[in-house]
Amino acid sequence: MSAPIPLLDVRGLTKRFPVKAKPFSRQKKFVHAVEDVSFSVGRGEVVGLVGESGSGKTTIGRTIMRLTDPTAGQIVYDGTDIAHLPRRQMMAFRRKIQMVFQDPFASLNPRSKVGELIAEGMEIHGIGTPAERRAEVSRLLGLVGLSAEAAQRFPHEFSGGQRQRIGIARALAVSPGFIVADEPVSALDVSVQAQVLNLLQDLKEQLGLTILFIAHDLSVVEHFCDRVIVMYLGRIMEIAPRERLYAAPKHPYTEALLSAAPVPDPDREGKRIVLEGDIPSPINPPSGCVLRTRCRYALPECAQIVPPLREIAPGHLKACIRDDIL
Amino acid sequence: MTTTSATPLLEVEGLKTSFKTSRGIVKSVDDVSFVIPAGTTLGVVGESGSGKSVTSLSIMRLVARGGGSIDDGVIRLNKPGQPAIDIRNLDEKSMRRVRGNDIAMIFQEPMTSLDPVWSIGDQIIEAVRLHQKVSRAEAREKAIEMLRLVGIPAPESRVDDFPHQLSGGMRQRVMIAIALSCRPALLIADEPTTALDVTIQAQILNLIRRLQKEIGMSVLFITHNLGVVAEIADRVAVMYAGQVVEEGPVRAIFSAPRHPYTVGLLKSIPTPGSSSNPMASRKLDTIGGAPPDPVALPHGCRFAPRCPLAIDECQKAPPPLFPVGENHGARCIRWPEVSK
Amino acid sequence: MINFLLARIGSAIITIFGASILAFVILRAVPTNPARLIAGPFANDEVIAQVTSQLGLDKPLFVQYFDYIVSFFAGDWGFSYSAGQPVLSQIVQRLPASAELALYAFLFAFIGAVFVTVLVSFLASKWLDRLLRLLSFISVGVPPFWLALLFLMVFFEQLGWFPGPVGRGPAPGSVHTGLFTIDYLIAGNFSGFATALHHLALPALALALGPFGYLVRLLRANLLDIVNEPFVTVLHAKGVAPVSTHFQHILPNAFLPTLTAGGLILAQLLGGSVLVERIFVWPGIGTLVIDGILRQDYAVVQAFIMLSAIIYIGVNLLVDILYGYVDPRVRRS
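Going line by line, the protein sequences match chains U, D and B.
Under our numbering, the first residue of the first sequence is numbered 40, with each subsequent residue one higher.
Under our numbering, the first residue of the second sequence is numbered 37, with each subsequent residue one higher.
Under our numbering, the first residue of the third sequence is numbered 24, with each subsequent residue one higher.
Bear in mind the hints are in silico, worked out from the structure with no lab data behind them.
Some clues are possibly wrong.
Heads up, incomplete: computed chain B residues facing chain D, CB under 8 Å, no partners named [to be verified]:
(1) P109
(2) E252
(3) P253
(4) T256
(5) V257
(6) A260
(7) K261
(8) V263
(9) L279
(10) P280
(11) T281
(12) T283
(13) A284
(14) R318
(15) Q319
In silico EDC-like pairs for lysine to aspartate or glutamate, Cα to Cα no more than 20 Å straight-line [unchecked claim]:
(16) D:K303 <-> D:E373
(17) D:K376 <-> U:E222
(18) D:K319 <-> U:D306
(19) U:K135 <-> U:D108
(20) D:K303 <-> U:D306
(21) U:K310 <-> D:D67
(22) D:K319 <-> U:D241
(23) D:K319 <-> D:D329
(24) D:K352 <-> D:D67
C-beta: ideal position from N, C-alpha, C; glycine also.
Kindly generate the complete structure, drawing on both the sequences and the hints.
Spelled out as structure tokens, the structure:
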């Protein structure tokens with residue numbers, strides 16, 4: 040499906056967070072945030088990463104950004120494994136991989152002007168002279184649909200949608216090759232969400248961006264992404280091109296997720312498949328297939344082995360031992 | 037309103053609620069009217085700041101805590117076989133008997149909506165004993181029964197659990213148990229599934245629907261999610277800048293909207309199934325601009341500055357709610373020209 | 024809960040161990056030779072050497088430390104050469120006076136702060152709230168010794184309402200706890216109780232004001248946070264009356280986090296207050312320690328460091344256990 044040599048190739052990525060253990064108990068506990076996850080993203084491709092809370096989608100994004108260090112596995116970016124790169128060498132890659140956050144200003148200094156915020160990355164990486172940076176800030180603001188005078192104002196003067204535009208301009212400022220967008224539109228109202236999605240679509244076409252798009256809204260992902268990775272409790276359940284995934288999901292979890300999503304059509308037919316029960320704790324995930332406790336197709340064997348992610352059609356992978364369903 | 041039922045359970049007429057802020061007076065709800073027939077669900081949709089939450093808090097008379105006041109209008113609750121209750125002019129003590137008893141409410145944040153140092157059982161018992169003359173032991177039985185009703189496993193032991201021991205979905209079930217413990221005539225649900233995961237949202241929506249049938253209550257369901265509203269509502273009110281701009285049966289709203297804002301909203305959400313439609317554009321239709329500043333609202337139609345159909349006349353006077361179909365109204369002078 | 028307690032006790036032992044090293048090292052690092060101090064300025068080298076070996080000061084440091092710890096737990100806390108008696112018996116004599124003063128100061132501060140803050144927040148009056156903030160601001164800033172002098176000037180010299188700087192007043196006939204007010208109550212002597220309280224009032228209030236202001240600030244901030252919690256809106260929507268909402272829900276939630284601060288304040292007060300005890304001629308630990316320091320009576324100072332550590336740890340342990348009982352989030356985890 041994707042380009043012959045993927046831009047990003049994630050192999051066996053695992054991230055466990057130690058849990059504060061009970062005193063005098065020898066057993067060490069971990070939050071199994073991401074378990075043995077492998078996928079790749081081709082140049083110019085937009086890949087969606089969907090899942091509910093605790094699925095590990097945000098941890099994957101943060102690990103690729105090296106905001107948190109992986110426990111195991113490889114993150115090969117453009118031929119280099121950055122998973123265990125020392126901090127100094129990581130600097131060069133920080134520039135190539137940028138992140139767009141759900142709330143871009145939650146972690147930024149509210150006393151800095153928008154222009155300073157956008158130019159910050161260029162300064163850190165020593166790109167251009169101050170005058171060149173100012174010109175670049177104006178160009179970027181124009182690119183995301185804001186006027187150049189916005190550079191002189193403060194973040195709090197902008198609405199949620201405008202702030203997300205600024206966040207995108209900030210990410211683009213260092214001309215990254217890869218963008219991790221973590222729920223970039225989920226905090227926005229629907230009409231504003233549409234504007235920002237269109238902007239991302241334009242930028243993707245103009246600049247040929249490669250994007251890992253993390254979201255929980257299935258129809259947003261269907262609309263925006265070329266390929267979709269479905270996660271549950273730290274593991275990949277299914278990977279497929281969007282046309283295949285939405286029309287003919289092959290994994291019980293994808294089926295249930297699609298069926299649970301409310302559709303803006305009062306006349307929608309069809310019975311809803313409701314996954315019973317709660318998402319299990321990632322500290323103590325079920326043995327074998329993590330979905331089995333809520334899966335209506337589960338067999339006794341499902342508790343025995345962790346189902347491998349296997350290709351069932353070109354570009355279509357699923358982690359489920361049953362082929363007689365769906 | 038359906039012609040078969042005599043009087044609707046809730047009537048809201050010309051409701052106006054405002055808040056004093058440092059920037060001036062914000063008319064959060066400005067001339068809002070709707071009715072909810074007994075046993076039906078009204079979905080209220082709108083974006084942030086549209087006034088949908090303030091409308092619900094006004095019905096509960098809980099706006100004063102946030103510095104708001106109800107300035108005008110009528111809120112009338114008609115319980116079958118009982119005299120109508122004029123909520124706006126009720127004294128505070130009688131109002132407390134309405135809250136939680138006749139009208140109950142559930143909220144968006146299941147994680148913070150329960151008192152962390154009270155057991156969930158005690159929080160249900162508190163609600164039961166406020167409105168019913170029962171002993172503590174009877175109230176506890178009732179609490180267990182409610183927990184079973186909302187689908188909490190092993191309710192006899194979970195009744196003594198504290199909120200932090202439950203997941204978000206379970207806490208929202210407890211909130212529903214509290215709200216329904218006195219069998220209210222009206223349940224106000226303010227974005228009850230927004231903070232929940234999709235599969236848990238589906239469970240909660242099913243639960244609300246099932247209990248509504250069992251208890252026979254009406255529901256005022258506030259959400260920003262058009263998918264949720266399509267699923268749960270009988271009638272829909274679309275709010276924009278403090279006003280209901282369109283109200284009608286759910287099918288009419290989704291298939292033949294008559295207000296440009298409703299049309300804009302429907303078009304700006306990505307449609308499920310777009311991937312299997314080769315003709316589907318990768319671009320979404322958008323509503324240009326942003327909602328008006330609440331302290332400086334346009335004189336005429338509030339949507340006019342963003343409306344593709346706006347003409348000079350739209351800016352002259354605020355449009356009334358025109359009848360545009362059977363039990364269907366739209367606040368737009370060009371409604372005959374509006375289509376999806 | 025058992026696990027939790029074991030962990031707390033484990034960390035308490037480590038803390039005491041650390042404090043003992045500190046107490047040991049600090050006093051060994053002091054330039055003055057204790058043997059010379061004890062032997063007196065005219066002693067010759069022979070005498071000093073004799074005293075040094077009596078004190079065990081010629082042994083290796085770790086042996087000295089080991090001896091020190093062993094005797095500490097055997098109840099031998101050293102000998103105060105300036106008072107001519109064992110340190111432990113001095114502390115046993117002095118501790119009740121400081122403890123009683125500390126407990127009353129603590130009660131005044133804690134009860135006063137809770138009462139005033141909750142009342143003001145319930146009345147929701149902006150004017151009263153401003154007054155309370157001003158009061159807490161001032162009371163945190165005023166030094167207790169200055170306040171003690173002011174109290175004496177106004178309530179003793181000018182108005183004559185309270186006794187002057189004469190210590191604890193007459194001692195009760197029979198000693199049970201060493202706390203005069205309690206011992207009088209046990210004996211059924213209410214006028215004695217009143218006299219003891221009368222003597223306690225001024226120094227306790229002088230010590231209480233600072234902690235009072237601090238607790239008011241803390242509690243006020245907590246209350247403001249809790250009042251805006253969504254669960255409070257839910258309570259109103261349930262039809263719960265404002266009084267119940269405030270006293271049964273908001274207050275417990277706001278009160279719980281102040282227990283930690285309360286424990287710290289109590290531990291600090293129990294360690295005795297040097298200046299206030301001096302001003303009121305209070306026969307407590309504070310007076311003992313300052314004399315010990317001035318006379319370079321290192322056994323007294325050493326014992327005081329250990330005692331402070333034990334009090335601090337004891338009170339914190341108590342607070343933790345208390346949390347286990349009153350806070351469900353701690354109890355169940």
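Does D241 (chain U) sit within 20 Å of K319 (chain D), going by the straight-line distance between their CA atoms? Holds. K319 (chain D) to D241 (chain U) sits at ~9 Å (cutoff 20 Å).
Against chain D, with CB atoms and a cut of 8 Å, does the hint on V263 (chain B) hold up? This interface hint holds because 6 Å falls under the 8 Å limit.
The hint names R318 (chain B) as touching chain D; please verify it with the least Cβ-Cβ distance against 8 Å. violated, 51 Å
Is the hint on L279 (chain B) kept, meaning its closest Cβ partner in chain D is under 8 Å away? At about 7 Å, which falls below the 8 Å cut-off, the nearest Cβ of chain D leaves the hint on L279 (chain B) intact, so it holds.
Given the hint that K319 (chain D) pairs with D329 (chain D), does the C-alpha gap stay at or below 20 Å? Measuring from Cα to Cα gives roughly 28 Å; hence the hint is violated.
Straight-line Cα separation of K319 (chain D) and D306 (chain U) no greater than 20 Å? Roughly 25 Å between the alpha carbons, so the hint for K319 (chain D) and D306 (chain U) is violated.
Less than 8 Å between beta-carbons is the criterion; does V257 (chain B) satisfy it with respect to chain D? Constraint on V257 (chain B) satisfied, holds at 5 Å.
Given the proposed pairing of K310 (chain U) with D67 (chain D), does the C-alpha separation stay at or below 20 Å? violated, 40 Å
Next item in the hint list is A284 (chain B). Is there a CB on chain D closer than 8 Å to its CB? violated, 18 Å
Given hint D108 (chain U) paired with K135 (chain U) - CA-CA distance at most 20 Å: Holds: K135 (chain U) and D108 (chain U) sit about 18 Å apart, inside 20 Å.
Could you check if P109 (chain B) really has its C-beta closer than 8 Å to a C-beta on chain D? violated, 48 Å
T283 (chain B) as an interface hint toward chain D, with CB separation required under 8 Å: violated, 16 Å
Going through the hint list in order, the structure does not satisfy hints 1, 10, 11, 12, 13, 14, 15, 17, 18, 21, 23.
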